[in-house]
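Novice: For reference, the chains in residue letters:
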Amino acid sequence: MDLSCTPEEEEFRARLREWLAEVLPTLPPKPSPDDWPGRRAYDLGWQRMLYDAGYADVHWDASPTVRLIFLEEAEKAGAPYVGANFVGLLHAGPTIAAEGTPGQRERWLPPILRGDEVWCQGFSEPDAGSDLAALRTRAWRDGDDYVVSGSKIWTSHAEVADWCELLVRTDPGAPKHRGITWLAMPMDAPGVTVRSLRTLAGSEEFAEVFLDEVRVPVANRIGAENDGWRVTMVTLSFERGTAFVGEVVACRRVLGELARQALANGRWDDPSLRRRLGQLNAEFRALWRLTQWNVSEAERKGGAPGVGGSVFKLRYSHARQELYDAAAEVLGPESLDLGRPWVLDRLSSLSYTIAAGTSQIQRNIVAERILGLPKGR
Amino acid sequence: MRFQPTDDQRALRAGVRGLLQRRFGRGALRAAVDRPGALDRGLWRELGEAGFFALRLPEADGGVGLGLPEAVLAFEEAGRALLPGPLVATHLAAGQVPGAASGQTVVTAVYGGLVEWLGEADVVRGDATGALPLTSVDPMTPLHRVVRAAEDRLPDPVAVLLTAAEQLGGAARTCELAAEHARVREQFGQPIGAFQAVKHLCAESLVRVETARVAVYAAAITADPLDIAAARLLADEAAVRCARDCLQVHGGMGFTWEAEVHLYLKRAWVRAQRMGSSAESEEKLAGELLSEVR
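Same order as they appear, the protein sequences are chains A and B. Residues in the first sequence are numbered from 1 upward in steps of one, following our numbering. Residues in the second sequence are numbered from 1001 upward in steps of one, following our numbering.
To be clear, the hints were calculated from the coordinates, so they are not data collected in a lab.
Partner residues are not named here, just some residues of chain B that face chain A (Cβ under 7 Å, in silico):
id, residue
1, R1002
2, P1005
3, A1179
4, K1199
5, A1203
6, L1206
7, E1282
Stretch by stretch, here's where chain B covers chain A in the computed footprint (C-beta under 8 Å, at least three residues):
id, region
8, 286-295
9, 356-364
Using N, Cα and C, we set each Cβ at its ideal position, and we do this for glycine too.
Chain A extracted, bound-state conformation:
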């Protein structure tokens, strides 16, 4: 067992650190969360900078350790989050890379890397959230096109996306895990309507997408017809494996800020608060170790991250909520002021035990796939 990096990896870290220190001060100010076009431009601009400097494909081609170093250093330096490029870089891109034809890879991967095109995810439906196999959006063949009708929900970045990784039912008669197909749908196709949803944090983070006889070329299908379930499992293993690495680094920074704030406002004198911050320090240290463990396991075995991602997500999503509850304790009455820095984060953290599968779904995954408990009610 070893926690050290190779000389090459340390060299990568040093070069990256130097580059970040040089370019981050040149970035324009961050747009407001409600300014979707502004956010799109900002996130794509950052992706373009990464591309020009040779860091754009770190999520795809680098070793898991190099990817970890990248995310760690970027967060420590205060670099922008992956933002609107999330689905393209971490879902659709890896899926097309793994399952697409050479022509499909050539069409869709370079624009993701260069920061030219934004993707969104069309998996969830109003009546099928984590029960993905219950999706009902229909697609039927008409010549060289699929014709798609139905609706999707919780679609992040739909307002500004160029493409949607869309799951549709192509064989309603088949068992529910079969009969699903993965399509790349252009968001400007006739029949696509996007309606924003407002979150409890007051922001418009995601949307409903209505599909009314939208024509998608058969050539936009990734994988075989009715094989979309398998293709999707490839996508989801990427999502649960690497999605939260930078955020653990960010949480550790917040914890230090909380301690200093508590010292400044006198709350530090309360031993129960100090002990709570001490516990959270232990928690986030362990979460960082869990990240390193999952990465070194992926490195040893090769391929996509395994169910370790579910273990991580369960622990992390709850720890993040406890972190911002502790922040509220430090802030006291000011924790009710939306203008204070940690208050919006506290609201946003409520989504972590829900998004990408609720904690209850994650526990089922852990119990069934790791502990071998039977499927059931």
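Starting from the structure of chain A, add chain B where the hints point.
Specialist: Positioned in the frame of chain A, the structure of chain B alone reads:
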């Protein structure tokens, strides 16, 4: 990054597990419960011969010459097997107290205001003068209380880490016992593990075990006192809560003397107390947040 056990480390772990399964299986465990206060000297010498106590002693001094990560894997197995005796104190005495490394001498120590196995130990480290016997909650760990303010400081970090490793082993075992029971025990016409309420208890146990595991292993690699303090908190939490949840999954059976679950919970309580109050570890970790260099 190679934060996974090497082939040699896996082999070492398998070796210790094999020895303990042979020499301290269920029969021996129940016998130990029925003879409270008696330590199996033959087993102690066998552990010595296998290098359990001399694991970190340099080869030049007759030891095995391995490091903290290997010691942690061995102590995890001891915790898994619920092996009784002052294992941590004897391990730490190897090379300092004659006969400790070979398992000829049983060494105990004063930790957290308590002394374990005072009656059976050949050597006591620390001042146990006037120690008063307790009716120990753990039938396999005789205890004395030491009333001395000087013993209230945080114990040696290596003792803390090895105790955390034992806690990890206990937690992992109770998680397995819960899952095994949930797979075979049927109620309402199906295995109880098919019910989400039971399934989620088991899943949460596994999450606690895996989180404690990485904290303990990382602390063994860095030997950093703050990593060790964090490992201790997570391992104590895992050991106590996994044992409780295992008991819950076993239902009425879990509340009996016959089931092993209570032995794991009681030992977890003893180990958590052995390392002094958890508040000290928490304060130490809180203080670190204020330091500029992080």
